[in-house]
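Chemist: The residues making up each chain are set out below.
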Amino acid sequence: MQADTTVPAPPRRRPRRRAGRAPVALLVPAVLGLVFLVLPLAGLLVRAPWTSLPERLAAPGVLTALGLSIQTATMATALCLVLGVPLAWLLARVEFPGRRVVRALVTVPLVLPPVVGGVALLLVFGRNGILGAWLDSAFGITLPFTTAGVVLAEAFVAMPFLVIAVEGALRGADSRYEEAAATLGAGRWTTFTRVTLPLVAPGVAAGAVLCWARALGEFGATITFAGNFPGRTQTMPLAVYLALETDLQAAIVLSLILLTVSVAILACLRDKWIAGS
Amino acid sequence: MTALDAHLVVERETFRLDVALRVEPGEVVALLGPNGAGKTTALRALAGLRPLTAGHVTLAGTDLDRPARRVWTPVERRRVGVVFQDYLLFPHLTALDNVAFGPRRHGLPKREARAKAADWLARMGLAEYAGRKPRHLSGGQAQRVALARALAVDPALLLLDEPLAALDARTRLDTRTELHTHLGEHSGATLLVTHDPLDALILADRLVIVEDGRVVQEGDAATVTARPRTDYIARLVGLNLFRGKGDGHSVTIGGDFTLAVDDRVSGEAFAAFSPSAVALHPERPEGSARNCWPAVVGSVQHHGDNLRVILDGPVTVAADVTPAAVAQLRLAPGRQVWAAVKATQVRAYPAG
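Going down the list, the protein sequences come from chains A and B.
With the first letter of the first sequence counted as 1, position 75 gets the number 75 in my numbering; the numbers rise by one all the way through.
With the first letter of the second sequence counted as 1, position 100 gets the number 100 in my numbering; the numbers rise by one all the way through.
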């Protein structure tokens with residue numbers, strides 16, 4: 001038997017990036033957009049009280065608020081990972097009635113004003129709330145106006161970012177790898193931990209970074225649900241808001257610190273996880 | 001005991017697969033057919049990646065899927081190994097960990113699973129590639145890792161989905177030979193799904209040919225290639241095939257065209273002859289060929305070292321001729337020629 005001689009297909013030309021200048025119609029709004037984003041940050045830098053910076057940094061409460069912010073944002077991200085990754089898996093991999101509704105519900109905290117979120121949390125987890133009353137009487141657990149409350153408020157607002165990122169990554173991942181794992185004797189849980197999760201790790205990391213950043217900047221839900229107690233629930237955004245009423249210079253310094261820390265951490269994580277994928 | 005006994009019925013909106021399969025231990029069966037014939041659906045049903053609509057999958061005497069009795073064994077509990085078309089090696093694991101994945105899931109401690117995996121890689125001649133991630137393996141190496149991974153769970157049934165389709169022509173040749181060796185050593189049943197007749201002929205002991213969801217012919221390579229029963233198989237094995245009415249030493253095709261044959265047939269019959277058995281002449285030949293008819297050249301294509309001429313006429317026939325003959329006869333589309341085939345070159349066999 002002979003195989004037909006086929007004429008080799010002409011080599012497909014790789015689309016080359018077109019040389020030349022970017023069109024003005026795109027360039028102008030792009031530069032304007034960048035300026036719009038960077039200008040307020042520059043304003044902070046320009047107006048910062050550089051001479052009195054050292055003693056202001058050492059002022060009591062500043063480092064406490066910073067520490068609390070990082071701590072709660074990290075814990076909120078951990079909580080979001082534990083609950084959000086399985087939720088994203090459910091949305092991406094399991095067909096169930098009302099999936100579209102559930103997907104819409106997940107994104108509600110994105111459009112809800114955070115203050116409204118805080119009120120809603122109070123209604124559920126507050127001392128007289130639906131769950132809060134039971135938690136209080138059964139276990140003696142109180143969530144509002146505690147550090148745990150801060151974590152809860154931040155997680156509520158930040159979780160959609162994680163779920164959306166991870167669901168996107170799961171949809172993009174080839175589910176046939178999961179079939180291959182099954183043929184090798186892996187059940188659904190093992191397949192999830194050994195195959196699915198490693199495959200979507202970059203997406204999970206990107207989602208966690210977004211989630212953490214959102215939690216760090218959280219203000220409305222936190223102040224409504226957890227209050228503003230220095231050392232317990234007063235995170236950096238709350239401290240900035242408070243300082244704004246009495247001492248603009250202090251507010252600028254606090255903002256600057258928050259800015260520096262978040263940019264530093266985000267830059268590190270991006271390099272390590274996102275750029276590598 | 002038969003290793004695999006299956007009657008696969010899978011219904012989709014516009015397609016119905018209905019295929020019966022039996023594979024003995026140690027036997028390699030090729031499921032051969034054109035794209036869209038339902039081969040991959042059959043493989044997925046056997047692996048448990050797609051439930052049957054009806055019928056059954058029975059492996060080593062145990063029902064894995066029998067909708068009528070509500071028997072269903074999920075994929076991960078079937079003793080089935082699968083080599084996927086594009087291998088699907090886990091990109092985040094090394095070759096060794098890919099192969100160790102199955103044994104680990106079957107309860108082997110990590111150390112033993114890795115030792116078993118190393119053993120399999122060594123058998124595939126890949127010992128020095130154990131630490132490599134799949135993206136650093138060549139196509140042929142990845143194919144062997146995929147085979148090792150499927151075999152490492154000691155499957156009673158090994159399924160291969162187009163195992164050589166993702167390889168370039170040169171690697172394909174070497175890998176095909178190696179695959180033949182490894183399949184020969186596998187003591188369980190092996191089912192190979194392919195649309196490439198060469199893979200099927202070399203690797204399989206028996207061919208099952210499916211078209212449009214049904215088995216159209218099965219048998220060993222010699223029988224199938226000598227006596228094709230559909231146009232698809234005839235094309236695969238490179239024969240001109242006609243179905244007609246046999247009457248002693250002749251077969252009448254389409255009412256008015258009769259081929260003289262050496263074999264004796266009666267009733268519904270096939271007549272087949274090789275394109276190289278067709279001789280072309282500018283005038284009506286005087287020679288001994290008993291079959292001779294005027295034809296018009298339809299097309300001329302490259303075919304190996306020769307040229308294949310498609311002839312229109314009372315019947316459409318492929319003829320293989322040398323480039324010299326093409327030049328001499330000035331064969332171009334539209335040219336009138338005479339085609340001749342000796343009766344001894346035509347095989348005839350009953351179609352019933």
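Hints should not be assumed to be uniformly reliable.
Computed Cβ-Cβ distance ranges for the label pairs, DEER-style [what the hints assert, rightly or not]:
no.: 1; chain 1: A; residue 1: Trp189; chain 2: B; residue 2: Glu178; range: 28 to 38 Å
no.: 2; chain 1: B; residue 1: Gly61; chain 2: A; residue 2: Val102; range: 27 to 37 Å
no.: 3; chain 1: B; residue 1: Asp168; chain 2: A; residue 2: Arg171; range: 26 to 36 Å
No lab work stands behind these hints, which were simulated from the structure alone.
Keep in mind that this is a model prediction, so the values were computed, not measured.
Just so it is clear, CB atoms sit at the ideal spot from N, CA and C, and this is done for glycine as well.
Chemist: Against each hint, give a clear statement of whether it holds in the structure.
Modeler: Hints and how they fare:
The supplied range of 28 to 38 Å is met by tryptophan 189(A) and glutamate 178(B), whose beta-carbon atoms lie about 36 Å from each other. Distance hint check: the CB atoms of glycine 61(B) and valine 102(A) are about 44 Å apart, inconsistent with the given range 27 to 37 Å. For the pair aspartate 168(B) and arginine 171(A), the beta carbons lie near 32 Å from each other, so the given range of 26 to 36 Å is met.
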